[in-house]
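On the provided structure of chain A, position chains B and C as indicated by the hints.
Each chain, written out:
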Amino acid sequence: MSIDPRETIAAREDDRARPLRSQLLHINMGPQHPATHGVLRLFVTTDGEVVSRVVPYIGYLHRCAEKIAEGNTYHQYVLYTDRMDYLAAMNQNWTYCLAVESLMRAAGMEVEIPEYAEYVRVIIGELNRIASHLISFGTYGLDIGAFTPFLHAIREREAILNVFEKVCGARLMYTYYDVGGVKWDIPPAAMDEIKLFVELFPKKLDEYNTLLTNNEIFIGRTANVGVISPEDAVGYGCSGPVLRGSGVDWDLRRDEPYSIYDRFDWKPAVGTGEMGTVGDCWDRYKVRMDEMAESTRIVQQCLDQMPATGEVMAEMPKILKIPPSEIFFRAEAPKGELAFYIVSDGGNIPFRCKTRSPSLHNLGVIEKVGRGLMISDLVATVGSLDLVLGEIDR
Amino acid sequence: MKLAKDIYKTLASIVKGMAITIRYLFRKPVTQQFPDERWSLPERFRGFVHNDVPRCTACLLCAKACPVDCIYIELEGKGKDRKMSRYAIDYNKCIWCSLCTEPCPTNCITMSHDYDHSVYMRQRLVYEYVDEPVVPYKPPKKSKADEGDTPEAKEA
Amino acid sequence: MEALLQTLQGIGWMQSWPEWMLLATAALTVATGILAIVAVAVMAFSLAERKVAGFMQSRYGPMYVGGWHGILQPIADGIKFLLKEDIAPVNADQALWRAAPVVVFTGAFLSFVVLPFGPSFVGAKLDVGLFYTFATSSLVVIGIIMAGWGSANKWSLYGAMRGASQVISYEIPLAISVLPVVIATGTLNLGVITEAQAGWIWRWHVFHPLLLASFLVYLVAALAEVNRIPFDLPESESELVAGYHTEYTGMKFAFFMLGEYADMFAVSAIAVTVFLGGYHSGVPVVDKVVPAPLIFLTKSVLMVFVMMWLRWTLPRLRVDQLMNVCWRVLLPIILGILLLYGLLKTIH
Numbered sequence: 000m001s002i003d004p005r006e007t008i009a010a011r012e013d014d015r016a017r018p019l020r021s022q023l024l025h026i027n028m029g030p031q032h033p034a035t036h037g038v039l040r041l042f043v044t045t046d047g048e049v050v051s052r053v054v055p056y057i058g059y060l061h062r063c064a065e066k067i068a069e070g071n072t073y074h075q076y077v078l079y080t081d082r083m084d085y086l087a088a089m090n091q092n093w094t095y096c097l098a099v100e101s102l103m104r105a106a107g108m109e110v111e112i113p114e115y116a117e118y119v120r121v122i123i124g125e126l127n128r129i130a131s132h133l134i135s136f137g138t139y140g141l142d143i144g145a146f147t148p149f150l151h152a153i154r155e156r157e158a159i160l161n162v163f164e165k166v167c168g169a170r171l172m173y174t175y176y177d178v179g180g181v182k183w184d185i186p187p188a189a190m191d192e193i194k195l196f197v198e199l200f201p202k203k204l205d206e207y208n209t210l211l212t213n214n215e216i217f218i219g220r221t222a223n224v225g226v227i228s229p230e231d232a233v234g235y236g237c238s239g240p241v242l243r244g245s246g247v248d249w250d251l252r253r254d255e256p257y258s259i260y261d262r263f264d265w266k267p268a269v270g271t272g273e274m275g276t277v278g279d280c281w282d283r284y285k286v287r288m289d290e291m292a293e294s295t296r297i298v299q300q301c302l303d304q305m306p307a308t309g310e311v312m313a314e315m316p317k318i319l320k321i322p323p324s325e326i327f328f329r330a331e332a333p334k335g336e337l338a339f340y341i342v343s344d345g346g347n348i349p350f351r352c353k354t355r356s357p358s359l360h361n362l363g364v365i366e367k368v369g370r371g372l373m374i375s376d377l378v379a380t381v382g383s384l385d386l387v388l389g390e391i392d393r
Numbered sequence: 000m001k002l003a004k005d006i007y008k009t010l011a012s013i014v015k016g017m018a019i020t021i022r023y024l025f026r027k028p029v030t031q032q033f034p035d036e037r038w039s040l041p042e043r044f045r046g047f048v049h050n051d052v053p054r055c056t057a058c059l060l061c062a063k064a065c066p067v068d069c070i071y072i073e074l075e076g077k078g079k080d081r082k083m084s085r086y087a088i089d090y091n092k093c094i095w096c097s098l099c100t101e102p103c104p105t106n107c108i109t110m111s112h113d114y115d116h117s118v119y120m121r122q123r124l125v126y127e128y129v130d131e132p133v134v135p136y137k138p139p140k141k142s143k144a145d146e147g148d149t150p151e152a153k154e155a
Numbered sequence: 000m001e002a003l004l005q006t007l008q009g010i011g012w013m014q015s016w017p018e019w020m021l022l023a024t025a026a027l028t029v030a031t032g033i034l035a036i037v038a039v040a041v042m043a044f045s046l047a048e049r050k051v052a053g054f055m056q057s058r059y060g061p062m063y064v065g066g067w068h069g070i071l072q073p074i075a076d077g078i079k080f081l082l083k084e085d086i087a088p089v090n091a092d093q094a095l096w097r098a099a100p101v102v103v104f105t106g107a108f109l110s111f112v113v114l115p116f117g118p119s120f121v122g123a124k125l126d127v128g129l130f131y132t133f134a135t136s137s138l139v140v141i142g143i144i145m146a147g148w149g150s151a152n153k154w155s156l157y158g159a160m161r162g163a164s165q166v167i168s169y170e171i172p173l174a175i176s177v178l179p180v181v182i183a184t185g186t187l188n189l190g191v192i193t194e195a196q197a198g199w200i201w202r203w204h205v206f207h208p209l210l211l212a213s214f215l216v217y218l219v220a221a222l223a224e225v226n227r228i229p230f231d232l233p234e235s236e237s238e239l240v241a242g243y244h245t246e247y248t249g250m251k252f253a254f255f256m257l258g259e260y261a262d263m264f265a266v267s268a269i270a271v272t273v274f275l276g277g278y279h280s281g282v283p284v285v286d287k288v289v290p291a292p293l294i295f296l297t298k299s300v301l302m303v304f305v306m307m308w309l310r311w312t313l314p315r316l317r318v319d320q321l322m323n324v325c326w327r328v329l330l331p332i333i334l335g336i337l338l339l340y341g342l343l344k345t346i347h
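Protein chains in written order, with numbering that gives the first Met the number 0: chain A, 0 to 393; chain B, 0 to 155; chain C, 0 to 347.
Next comes chain A alone, as it looks inside the complex (with noise of 0.2 Å):
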């Protein structure tokens, strides 16, 4: 790919105001790069280790979507949110159902989604969010160095993926949830399954602490580094654990609670700074870890307070024809605040469904932190933003 003319112009600006005779480099952290989390290009400008200019290239997974929407249904297009997000496929499919209904709410049309409906939904979203934080774990991990916990991440996250299996039948693109509940209920053995990995995982989350978190070595790679003030982070609208690392306590779930997450007794994970600065990549690393703990006693809460047997869909006409409304609809996914905004026309088929993505606006945040850091610390900030291209592209 050729560069950039408007680069190459200022580029050299850059060049002739330099006092000594050496030249920035310009290098492509390129599409295909074992750090970048998908096909994101970097044009990174340096002067020896130390980056000077960060501008990140996006498009490479480009899969026209939202044009997509426009010609199909809405019971069709929530197998489209998974592809998505395509780690927390969960979370987005939920996320469209919920903008969906309140989309018939707002158009006047009855909905109510079943207790039981429910808590499946919270308890399946929670752990989709846990298996999207420890993805973010173990390749976090890899960016900064260290091979093992990766692999220790897999096998925690297989647990979770083999109640998936067992509940609708896929192990990445669900299409579980739908517009008025989820499509099949939890079978008997792997709710059995779900009480023995909320037994276990505290215990694993306490050795992923003692491997990565406490090491001193991964302590001095992302303390301190990559710091987004939170002025920055809201500015730049970052959202999830990016804005929640930097300090400011802001979580959809409990601020603008949808669902029925004002039943559970839990607290929203805050970056504190305790190993450098306040919103350094340690703490964004953090405040993942301890969402996972937080999620595992959501969803342990929830299986104590949910009936034991009940309705799993709502009454739903057959063709869904909605009244002309729109509807902007906005939830926390795993890697931030997801939003939909939906324009129906009347008929069954959306007019417009826009997808605000999270890892998108958290991708913007880079081009400012990115000056002054070295080629490592940018590799660790990037990671640790834990950005997904399919979200990104769309």
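Worth flagging that the hints you see were computed from the coordinates, not collected in a lab. Careful, some of the hints might be misleading.
20 Å max Cα-Cα, derived DMTMM-like pairs, lysine to aspartate or glutamate [what the hints assert, rightly or not]:
id, chain 1, residue 1, chain 2, residue 2
1, B, Lys4, A, Glu273
2, A, Lys317, B, Glu101
3, A, Lys182, B, Glu42
Pulled a few chain B residues facing chain A out of the computed Cβ check, cut under 8 Å [claimed, not checked]:
id, residue
4, Lys8
5, Ser12
6, Val14
7, Gly16
8, Leu24
9, Gln31
10, Phe33
11, Arg37
12, Pro41
13, Phe44
14, Lys79
15, Tyr90
16, Ser97
17, Leu98
Ideal Cβ placement from N, Cα and C applies to all residues, glycine included.
Positioned in the frame of chain A, the structure of chains B and C alone reads:
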């Protein structure tokens, strides 16, 4: 002596980490030796689609439900001579979402437990379920005694 | 090699040969023997690394080739490397680029010639043996720079520059950390250093408290010399794709891998010789029964295992932290140890 404390903390954290890995060295691995050992698939596993052609009413609901249009159904004849001449599923396009299994009135289309179909040519992945034109199934008229035969009652 | 030379002079039909021919034959035999040992050991290490990594990560590692736990996997890898297409970048500096793997492997391989595998099982009994090993293992950094610059690839250049600065810096604590042992035994001859640790296990150099500290410093510096985690920035797989050996395929890449494992083996063997008793097993009864080279190899393999264990546990250091550790932590410590030990020896 900050340096001494730092060195001690670093060495301690390294040794604790090494203790964990050495423990795992002597534990049994959790992986399976595929293809010698196979995973026991759960009941709801979404493998390749299976169509029980004798029970198919050729209502085309599965083809309409499919989001990627991978089910090809061709009908010929009119009225009493109506025959289904082609029922094919194109697995190059199929995404195993099981949306086709939901609207089927006779539950003839199900997700099987097959997953091991590799081919050398892409065209071989278009599976034809009908060799010669067949008469679509005509379900008997529903009476009170047949209530237990409907798909909804089966799922409950 | 002296013993081999005498044996050759004893053989009837070789007695008419001139002196230099006998010398050449002996030297060639020794070199081939060491190459054989090193090559087999390195192949075994490549499999061992993958199995150790596998079991530490709750999986099996290679299982398929050779029937039992992938025992023939290194041979399959070797055949694969030989059959790969040899791609040379057009912009690469051809002479530098092609010579680099050879230089790396040679630098690692040359240090084996003075290592005492057994009482008379030495390639050459040099009086400056220890000095010689450190001198020849410095050739590796030249190979790294040649590879990085000659590749005409910015990522390789990054890796090479990091590698050069790292290896050159860590040679200083590495060399100084064996000086207390030199003071203890009064010689640089590796055979004499090993003999000074004969007998029971507490006579090993590592059990003296100050020498234990210098052993730890040696271990850290040795990890940096061979570019292993936590110091593997030059070839950091997740940042720089593959660092200075990105542009190499086939047998040239295999040479880099062989060079790295050979270097690991060499450094472990030096540690075993200098600190851990060499070919003495620490129990005199066992010394008479088990052949000395076996003991030496077992101990070296254990040291290599410790290096692998560290690799699969720890993350890697950043380049400025790495330099920090060398110049501001290791160097003062090892100089302090040297001073203290020197004083101790003068007082006694």
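To see whether the hints hold, each was checked on the structure:
Of the pairs offered as hints, the one joining Lys4(B) and Glu273(A) holds, with about 18 Å between alpha carbons and a cut-off of 20 Å not exceeded. A distance of roughly 11 Å separates the Cα atoms of Lys317(A) and Glu101(B); the hinted pair therefore holds under the 20 Å criterion. Note on Lys182(A) and Glu42(B): the hinted pairing holds, with a Cα-Cα distance of about 15 Å set against a maximum of 20 Å. Restraint check, Lys8(B) versus chain A: the minimum CB separation of about 6 Å is within 8 Å; hint holds.
Here the hint on Ser12(B) is kept, as its CB sits about 5 Å from the closest CB of chain A, short of 8 Å. Because the closest C-beta pair between Val14(B) and chain A is about 10 Å apart, greater than 8 Å, the hint is violated. Annotation: interface hint on Gly16(B) holds; nearest CB of chain A at approximately 5 Å, less than 8 Å. Contact between Leu24(B) and chain A, as hinted, is not supported at the beta carbon level, the nearest pair being about 11 Å apart and thus beyond 8 Å.
At its closest, the beta carbon of Gln31(B) sits 11 Å from a beta carbon of chain A; the interface hint therefore is violated under the 8 Å criterion. A least Cβ separation of about 14 Å between Phe33(B) and chain A goes past the 8 Å threshold, and the interface hint is therefore violated. Here the hint on Arg37(B) is broken, as its CB sits about 14 Å from the closest CB of chain A, past 8 Å. About 4 Å separates the beta-carbon of Pro41(B) from the nearest beta-carbon of chain A, less than 8 Å, and the hint is met.
Below 8 Å, beta-carbon pairs count as interface contacts, and Phe44(B) has one with chain A at about 5 Å; its hint therefore holds. Annotation: Lys79(B) was flagged as interfacial toward chain A, and the flag is violated, the nearest CB pair being 29 Å apart, outside 8 Å. A least Cβ separation of about 15 Å between Tyr90(B) and chain A goes past the 8 Å threshold, and the interface hint is therefore violated. The restraint placing Ser97(B) at the interface with chain A holds, with a minimum CB-CB distance near 7 Å, inside the 8 Å limit.
Look at Leu98(B): its Cβ gets to within about 7 Å of chain A, closer than 8 Å, so that hint holds up.
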